[in-house]
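Enquirer: For reference, the chains in residue letters:
Protein chains: 4
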Amino acid sequence: MKDKINVGVLGATGMVGQNYISLLADHPWFRVNHVAASSRSAGKTYGEAVRGRWHLTGDVPGSLRDITVSTIDEIELAREKCTFVFSALGSHVAREYEERYAVAGIPVVSNASAHRSTPDVPMVIPEINYHHLDIIPIQQRTRGWVRGFIVVKPNCSLQSYMTPLYALHEKFGLKQAVITTMQAVSGAGHPGVSSLDIMDNVIPFIQGEEEKSENEPLKILGSIDGSVISNNEKVKISAHCNRVPVIHGHTACVSVEFERKPTRDEILGTWKDFRGISPKYDLPSSPRRAIIYREEPDRPQPRLDRDAGNGMTVVVGRLRDCNVLHYRFVGLSHNTVRGAAGGGILNGELLVAMGYL
Amino acid sequence: MKDKINVGVLGATGMVGQNYISLLADHPWFRVNHVAASSRSAGKTYGEAVRGRWHLTGDVPGSLRDITVSTIDEIELAREKCTFVFSALGSHVAREYEERYAVAGIPVVSNASAHRSTPDVPMVIPEINYHHLDIIPIQQRTRGWVRGFIVVKPNCSLQSYMTPLYALHEKFGLKQAVITTMQAVSGAGHPGVSSLDIMDNVIPFIQGEEEKSENEPLKILGSIDGSVISNNEKVKISAHCNRVPVIHGHTACVSVEFERKPTRDEILGTWKDFRGISPKYDLPSSPRRAIIYREEPDRPQPRLDRDAGNGMTVVVGRLRDCNVLHYRFVGLSHNTVRGAAGGGILNGELLVAMGYL
Amino acid sequence: MKDKINVGVLGATGMVGQNYISLLADHPWFRVNHVAASSRSAGKTYGEAVRGRWHLTGDVPGSLRDITVSTIDEIELAREKCTFVFSALGSHVAREYEERYAVAGIPVVSNASAHRSTPDVPMVIPEINYHHLDIIPIQQRTRGWVRGFIVVKPNCSLQSYMTPLYALHEKFGLKQAVITTMQAVSGAGHPGVSSLDIMDNVIPFIQGEEEKSENEPLKILGSIDGSVISNNEKVKISAHCNRVPVIHGHTACVSVEFERKPTRDEILGTWKDFRGISPKYDLPSSPRRAIIYREEPDRPQPRLDRDAGNGMTVVVGRLRDCNVLHYRFVGLSHNTVRGAAGGGILNGELLVAMGYL
Amino acid sequence: MKDKINVGVLGATGMVGQNYISLLADHPWFRVNHVAASSRSAGKTYGEAVRGRWHLTGDVPGSLRDITVSTIDEIELAREKCTFVFSALGSHVAREYEERYAVAGIPVVSNASAHRSTPDVPMVIPEINYHHLDIIPIQQRTRGWVRGFIVVKPNCSLQSYMTPLYALHEKFGLKQAVITTMQAVSGAGHPGVSSLDIMDNVIPFIQGEEEKSENEPLKILGSIDGSVISNNEKVKISAHCNRVPVIHGHTACVSVEFERKPTRDEILGTWKDFRGISPKYDLPSSPRRAIIYREEPDRPQPRLDRDAGNGMTVVVGRLRDCNVLHYRFVGLSHNTVRGAAGGGILNGELLVAMGYL
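Just so you know, the protein sequences line up as chains A, B, C and D, in that order. So the mapping is simple: the numbering used here equals the position in the first sequence, first residue as 1, plus 3. So the mapping is simple: the numbering used here equals the position in the second sequence, first residue as 1, plus 3. So the mapping is simple: the numbering used here equals the position in the third sequence, first residue as 1, plus 3. So the mapping is simple: the numbering used here equals the position in the fourth sequence, first residue as 1, plus 3.
Any given hint could be a false lead.
Copies of one chain are not kept apart here, so a pair can be met inside one copy or by any two copies together.
[Stated by the list, open to error] Cross-link-like lysine to aspartate or glutamate pairs, in silico, DMTMM-like; alpha carbons within 25 Å at most:
| id | residue 1 | residue 2 |
| --- | --- | --- |
| 1 | K264 | E173 |
| 2 | K215 | D301 |
| 3 | K239 | D324 |
| 4 | K178 | D268 |
| 5 | K264 | E236 |
| 6 | K237 | E269 |
| 7 | K264 | E217 |
Hints were generated in silico from the structure; no laboratory data involved.
Same shape as in the complex, but just chain A (with noise of 0.2 Å):
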């Protein structure tokens, strides 16, 4: 790609916005100029502006430290400056100003949970359900959109158990699981978590991530139907999610039932054959394994393998009978990079890819 994209990043300085600066910095297809956030930042540098509180490893991106932060209502000035945005934006604002943008003929590919359950918005995990993106005329057209649209992608907590649930569903037909996550407190954001509440100590509930875990991947697994994205129904998950004192990574206990009960050598043999993203698009972000398999008994472990594929690779192991359904595993993603800005950024290359951007 000789002449890179050059994109906008909506609550930039957030901590989910932190890492799409982090991850967005040297990207070989898009080029950060814009940045947009609150009236508090507005005018600052990026670099002034999360002084003091930019929580990744290694500093400021130096490409990205001097650049002018606006506000997310400078919305004319975002569509001159760049050809799409990434939303980082928190849920409260999200849904108001990822529409405005996208009537200003701006596409929005949105962290936010805003529009996970908007009908005929796409909620995209390359390796599963790209052809939702087909959706996406559809929207434009019955909503006035020129040239805006928005794309999300689904909750952290899923993208654990999703994938390798995916590549077997393919074949076998998922029938019901019952999953239990450990989930990392970066996932809270910053502050997020408060260290009293979580040192030496689980919380066996967060607010609103069961409903997300199980309702979510229904429309992953759905399919265009007319105008809109009608859920999977037949499909059941419970899930029971945990905050652990994990910095990153969330984990997953997964019991499953398939339609029909493959062997043991089926599923591993799946795994590792899932190709996850059509191989005629080569992605940047795109990990060169989807899912692996760890044959220790003990893996996938948060701290050793939460890295996997730059962090976008989804890692199971444990794969064994389960004496109430089918089989029990384990999976793990890294909830800040696959599960946000990562898997953000991916669906943003996915839609260069296929020609929307």
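Here the structure of chain A is known, so what remains is to put chains B, C and D in place on it, guided by the hints.
Expert: Same frame as chain A, but now just chains B, C and D:
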């Protein structure tokens, strides 16, 4: 109880043994007048033997600091000095030595796993299956033991869900359950889990723990059948056991299905009314409430709830529908109190109250 | 004490306030019959006001669950209901409100930093400078307060070394000390320190803490000079204050030099003999031993030693020569008990015993 | 460098050895073609030998997975296969074996403590005392070694403050320092520190660590005096060494006094200009900046700063006046990279660049 009963502690210098010593130091019924350990400690005072490796808060109880440590081979001495022994022996020596003590006429109340699957050895949680103690005379007769016998308690991992499940099983018939545990590092003893392995991490595997968590409940829910205790083979349990960075307190996420689906109110009422040990016994270590249900959306939590009922109460919360089985809930118990020494002492108290000691 | 003294707690819903409530629930001398907080909590029962944000193990004490929360503006009501108040107010409101209560004739025993450097307000650790309370009548006369006065306690960071240093200062003259603290997260209140900031980390900075750790000791070691307390300007303290991933318990590494270098035995003997509060007072919160020296090479440790003397004892260890100053040692105290509410309550008890209340 | 130099790693399966393997896998100058360990591992491939006990993120480097492990007794084989060896041997065997390798004509670049106080063995931090390598021919002559020699590196605890102190010592003369370290658990190897001992805790003691932290700097600042390196006895260091719940990265709080008190700007300028290793050497593991000073008030922090310069840079911050000595600052370095294998490799590179290998 006017005169205290003399008891011994086998394996008194290990971590479980230290918990026994700590909990027995001011026990209203029992007086520790014999402690045994490996030859390394023999001849020393207990205070000397555990110097530099006493792992509990507070100091070695003053009343036991100067007791001389015997070897576990001094069985005759044990018989002279105490009415029965608590065994905190490691599994590798427990099988042989617990039988040798029983042969010598010394009842053994054990914390070890060695005899948990021995068919004529009762594995008891007093609130659930105290009637399994009826097998003691059969055990003695079969083996030709005169005064000695062996009683064991189950693994720590299942204490956080077994009592709440049993309370419901009595009324609604337990059919199957998928259970994910998040277990504290103290469950592995000392030095146990390396800090390098568990800080900022989850280990989704504990050697042998899932098998214990799945099989031991079947014996606990079983019945005396001639000269053995037969498992309840109708119940199916699938356990995912994880180690998490928590010091004390095992948490369990439970999805459960019954023969007859109860209402939510029936479940809460059952737990509220559950009395545990037959009210005619007034055991000193028995908590006022065997089960406490917390209404807050984010409880139980190990750091906040493990000490309920002096560590002997099981705390449950988050009862809600399950999309796959009938209901979901979270259970928690203190693994080194209820799940180890405290549970053993409660067994000892029950044996006294029922006239076996 | 036949009739308990009615007391109030200002700022009762915050974390320090919760500690006051917890420690005062069964106090032998005091009865909490007035609690005040911000208008957000006013009118609710205390149990309602702290629902979902009670941060201590165990529940809200039953005896105080139903007391109605007043606003801190209801000063007249406080005067009617209680003999004096404990202030756990945040520093931003403490300065104004503590004076208003004193003006209204209500003695204030404060935990806040607002008046620590006010020259006529005594800052008291009972074991050290109870004689500074002699300034109370002077304070009242100067300010024209009739019954009211203000007494404060010092910052939590210095409790782990101040008492052991004072015991030696009496005999050998404290000259200078270099002190590095490793402070628990509970010292920052709730939510306080973000888990993302402190897990697998040390933060070598706590806003304002080094200044307090260096300056407050000079006042505590100072003397009444006319109508003010003059600092002891001969002593020099250099403090490095760090936040570490510990829940409760501040640890201090101390290098110290005296006017006259004592022998090691003199130091140990001095600590052993140190009686703390004048033996004629028998204060309920006063630990049996103000200072405990542990002989083990690796003590004190926060998790093992913070609860010594119900959290009111300072534990020291590792006394050894220093290559630069005279001696080195490690000190430890429980920051939310001795260092906060427990220290405030001890001040209240002392004021009663000395006849000021 | 066209042809890589063949090197061996002694003690390759332990934790320090694993770090050597990891850092040497793609080294531009060195090729590992000999690995030695205890007889337990001998004959296995390296991948087999560390199976289940590989403690680093990522996998065993593919290029070294299939190399056969030799015993450390196969000295002749080592001589045939490699130009020199890195020693990650445990201290108990290092003394004997390192000498045997040197006798056999194999230079030894050691991480072990065995020879740190041996007077004719240089203990080198390249940025500080590379000129101590001048003793190598003297060492060889005295001992009658033909090609072999021994060079060691100092303990990990002092890397976080020694380079910044040395930079100042050159100009202002280091007189004395009081230093408190907060050291990561990885410094104790694996399994090393038990999670039960360090979670929610600080251990204010590490066996032998304070002695090393105080004495090794004197040798590093010493000079060659005939056939030995004489300590700089004018410098006094007092060290308090603590273990804290941090995975990697040792932090040090330093109070320091100089012969001539510099200004703050002189210190910052000195650190900024400090070039470390003589610029004529361009060592692959040498960081671009030996010392980085961070301006933020709360840095350095282990989790955020340990990876600076690929773990080879020392990060300092918080320079401020000391009330007792001249200045205070905080230093930090990565204990398993700069403080162990990375420091050893840098020594190896320096020896090559200076013509000793």
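Enquirer: Each hint needs a verdict: does it hold in this structure or not?
Expert: Against the structure, the hints come out as follows:
Taking the shortest alpha-carbon separations for K264 and E173, only the intra-copy value of 13 Å comes in at or below 25 Å, while the best inter-copy value is 33 Å. With identical chains, the CA atoms of K215 and D301 are at most 25 Å apart between copies only, with a shortest distance of 17 Å across copies and 28 Å within one. Proximity of K239 to D324 under the C-alpha cut-off of 25 Å is found in both arrangements, the shortest distances being 19 Å within a copy and 13 Å between copies. In this assembly of identical chains, the alpha carbons of K178 and D268 lie at most 25 Å apart only when taken from the same copy (19 Å versus 29 Å across copies).
Taking the shortest Cα distances, K264 and E236 sit within 25 Å of each other both inside one copy (20 Å) and across copies (23 Å). In this homomeric assembly, K237 and E269 come within 25 Å of each other (Cα to Cα) only inside a single copy, at 23 Å, whereas the closest approach across copies is 29 Å. Taking CA atoms no more than 25 Å apart as the test, K264 paired with E217 passes in both settings, with 22 Å inside one copy and 22 Å between copies.
In summary, the structure agrees with every hint in the numbered list given earlier.
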